[in-house]
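Undergrad: Sequence:
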Amino acid sequence: VQLQASGGGLVQAGGSLRLSCKASGINFRLYDMDWYRQAPGKERELVAMITNSGSTNYADSVKDRFTISRDNVWRTVNLHMNSLKTEDTAIYYCHCTYRGYDIWGQGTLVTVSS
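Take -5 as the starting number for the sequence shown in my numbering and just add one per residue.
One or more hints might be untrue.
[As the list claims (entries may be wrong)] Here are the simulated lysine-lysine pairs, BS3-like style, with alpha carbons at most 30 angstroms apart: (1) LYS57 to LYS36; (2) LYS79 to LYS36; (3) LYS79 to LYS16; (4) LYS16 to LYS36; (5) LYS16 to LYS57; (6) LYS57 to LYS79.
Derived from the structure by calculation, the hints contain no laboratory data. Just so we're clear, the structure is a prediction, and the values are computed from it rather than from any experiment.
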């Protein structure tokens, strides 16, 4: 089972980025998928999640700015990030729980400059 994240980079405050995570080795459509992030000196936190049926939930800090989506054909989960703030700077990880095990992508760095 593998999750491969991409799409991070440097963006100015107020800008947008799209992260993508491709899954392999699992029947993707059966699993809830999440995006977490970890800022320097802080604990990893849940940013957004999408269930296997498409229901979504967001951290209060990103509500109305971020949108999580999934494509079961291409086995990808995406995170569209708008109105980015400097405090969104972090390494972003995609995640799922597979047969009781936490599966993490390798992380992609998002840096928001002021």
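Undergrad: So, for every hint listed, does it hold in this structure?
TA: For each hint, the structure was consulted:
1. Of the pairs offered as hints, the one joining LYS57 and LYS36 holds, with about 20 angstroms between alpha carbons and a cut-off of 30 angstroms not exceeded.
2. Pair hint LYS79 plus LYS36 holds up; C-alpha atoms about 17 angstroms apart against a cutoff of 30 angstroms.
3. Taking the CA atoms of LYS79 and LYS16, the gap is near 26 angstroms; set against the 30 angstroms cutoff, the hint holds.
4. For a cut-off of 30 angstroms, the pair hint linking LYS16 to LYS36 stands: about 26 angstroms separates their Cα positions.
5. Simply put, LYS16 and LYS57 have alpha-carbon atoms about 23 angstroms apart, close enough for the 30 angstroms limit, and the pair holds.
6. With a C-alpha separation of about 13 angstroms, the suggested pair LYS57 and LYS79 falls inside the 30 angstroms cut-off, and the hint holds.
Hint violations for this structure: none, all hints satisfied.
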